[in-house]
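Q: Could you build the full structure based on these sequences and the hints that come with them?
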Amino acid sequence: MYRKPRRNGGSSILNLDSLMDILSCLVGVMLFLVIYTVLELGSTSYQVSIPVPLDRPVESRRVLVVANGGTLRVLDTGRPVRDLVTGLDVVPFEETVTYVRQVNSSPPTDAHFRYELAYDEEIGLLAGRDSAFSIVIEELSGEPGDDLAALVADSDFERILEQYRPGETWFEFGVDGESLDVFRRGRSLAEDRGFATRWGPLALDFPVRFSLNDSTEGPAPRDLPSKPRR
Amino acid sequence: MAHLEEDDEEGISLFPMFNILACTLGVMVFILATVATVNLGADKAVEVVEGVPTETLETEPVGTPDSIEGTAQEAVAALERERRRPLWLEWDGRRILRYPTLDSVVIEQDLRSIATWEETWAALSDALSGTRVGNAIAQAALDNESQYVILLTRPSGFDELPEVRTYLEYLGVDVGTEPIDQRWQRVRVDG
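Protein sequence lines, in the order shown, are assigned to chains A and B.
Just add 240 to wherever you are in the first sequence, counting from 1, and you've got the working numbering.
Just add 23 to wherever you are in the second sequence, counting from 1, and you've got the working numbering.
FYI, nobody ran anything at the bench for these hints, they're computed from the structure.
Just to be clear, a hint being listed does not mean it is correct.
[Unchecked claim] In the SDA-like style, the derived pairs of lysine to any residue whose C-alpha atoms are separated by at most 20 angstroms in a straight line are: (1) A:LYS467 <-> B:LEU184; (2) A:LYS467 <-> B:ILE137; (3) A:LYS467 <-> B:ASP182.
For clarity, every value in this text was computed on a predicted model and none was experimentally measured.
A: Take a look at the structure:
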């Protein structure tokens with residue numbers, strides 16, 4: 241005759257209480273690790289080294305690096321300005337407008353910007369021929385520049401840096417509030433190659449226009465406030 | 024005569040196991056969320072360190088790579104000898120904060136709206152006079168040979184940076200500026 245096995249104290253055959261105890265302990269340990277990690281990471285510092293201020297570089301050419309919108313773009317007006325004004329000296333005054341129209345039909349560009357020559361006849365008549373010329377810089381669409389992820393070895397920015405020599409050029413970074421990370425990375429790359437650098441808050445609205453009389457080195461990151469001195 | 028056992032007598036209940044697994048999963052999600060938050064930089068302390076210059080353009084050497092390296096090292100050594108102590112200040116568009124003492128001065132006036140440079144500097148001078156920050160700046164101006172100012176600037180202070188910087192230069196202090204992120208809450212300085 242079959243006899244039903246007697247149950248042991250009313251509990252099931254496979255008791256999971258022990259397993260639950262072990263898992264509870266493991267969860268406790270994991271919680272401890274999480275709290276420890278949070279405290280440890282919260283107090284971890286990363287260092288930002290800032291260069292000691294030195295005298296402004298002399299006898300070298302300034303090149304602006306625009307760090308805005310999280311990307312880096314080199315704005316070097318040297319070659320485009322030369323291309324635009326090279327023929328100006330031999331152009332008769334009455335043909336100036338024609339010349340400007342002609343050079344602007346295929347304006348010089350670089351990796352990120354397009355440069356055009358602007359001529360204001362009214363100002364030219366009052367203040368002389370030279371004062372009437374300015375350069376208008378526009379952004380090239382689809383060329384946003386290098387972001388932080390792109391600033392690795394063999395980036396566009398590094399390839400552009402290779403075109404300059406530290407003794408002849410220094411870089412001024414125009415920086416907006418969104419681009420501090422990419423600025424620090426770009427500055428580090430430039431300084432690793434021996435270039436002197438400066439930075440300034442950026443306030444450029446494209447298209448940027450600068451007078452050839454005011455500066456041959458292109459626009460500054462931001463114009464100084466026009467406050468008179470008494 | 025044999026008969027089938029009732030289900031509730033011999034079956035293994037998986038409910039406790041399911042509860043444990045749910046708890047474990049919850050903890051793991053919590054870990055992931057915490058690590059992700061920390062990695063995003065929230066509440067991370069930032070230590071700002073004064074950098075060591077490698078060379079200046081004035082000392083820019085001309086020659087072979089070996090001689091360039093040697094000259095640059097000499098320039099670094101010379102600069103190291105002449106190294107000055109920085110006075111660390113922070114400008115956020117509203118107040119000037121001194122590190123590491125955390126003394127601060129609030130500039131109530133909109134510096135950009137002041138018409139002339141002299142009046143701008145006078146306004147800053149009035150706000151700073153008699154304060155610990157003002158005294159430290161005055162001391163740096165008097166001790167210009169061995170001190171200079173590093174002005175950490177947050178993006179909210181970019182617009183009025185020329186006013187603050189030119190004021191310090193007007194006092195005869197050498198100024199180096201450095202942008203720092205707006206989100207950095209715990210800044211420490213070294214030097």
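Q: Now tell me, hint by hint, if it's right for this structure.
A: So, going through the hints one by one against the coordinates:
1. Proposed proximity of LYS467 of chain A and LEU184 of chain B is supported: the alpha carbons are some 14 angstroms apart, at most 20 angstroms.
2. This hinted pair checks out: LYS467 of chain A and ILE137 of chain B have alpha carbons roughly 8 angstroms apart, not beyond 20 angstroms.
3. In summary, the hint linking LYS467 of chain A to ASP182 of chain B is supported, as the alpha carbons are separated by about 14 angstroms, within the 20 angstroms threshold.
Hint compliance for this structure: no hint is broken.
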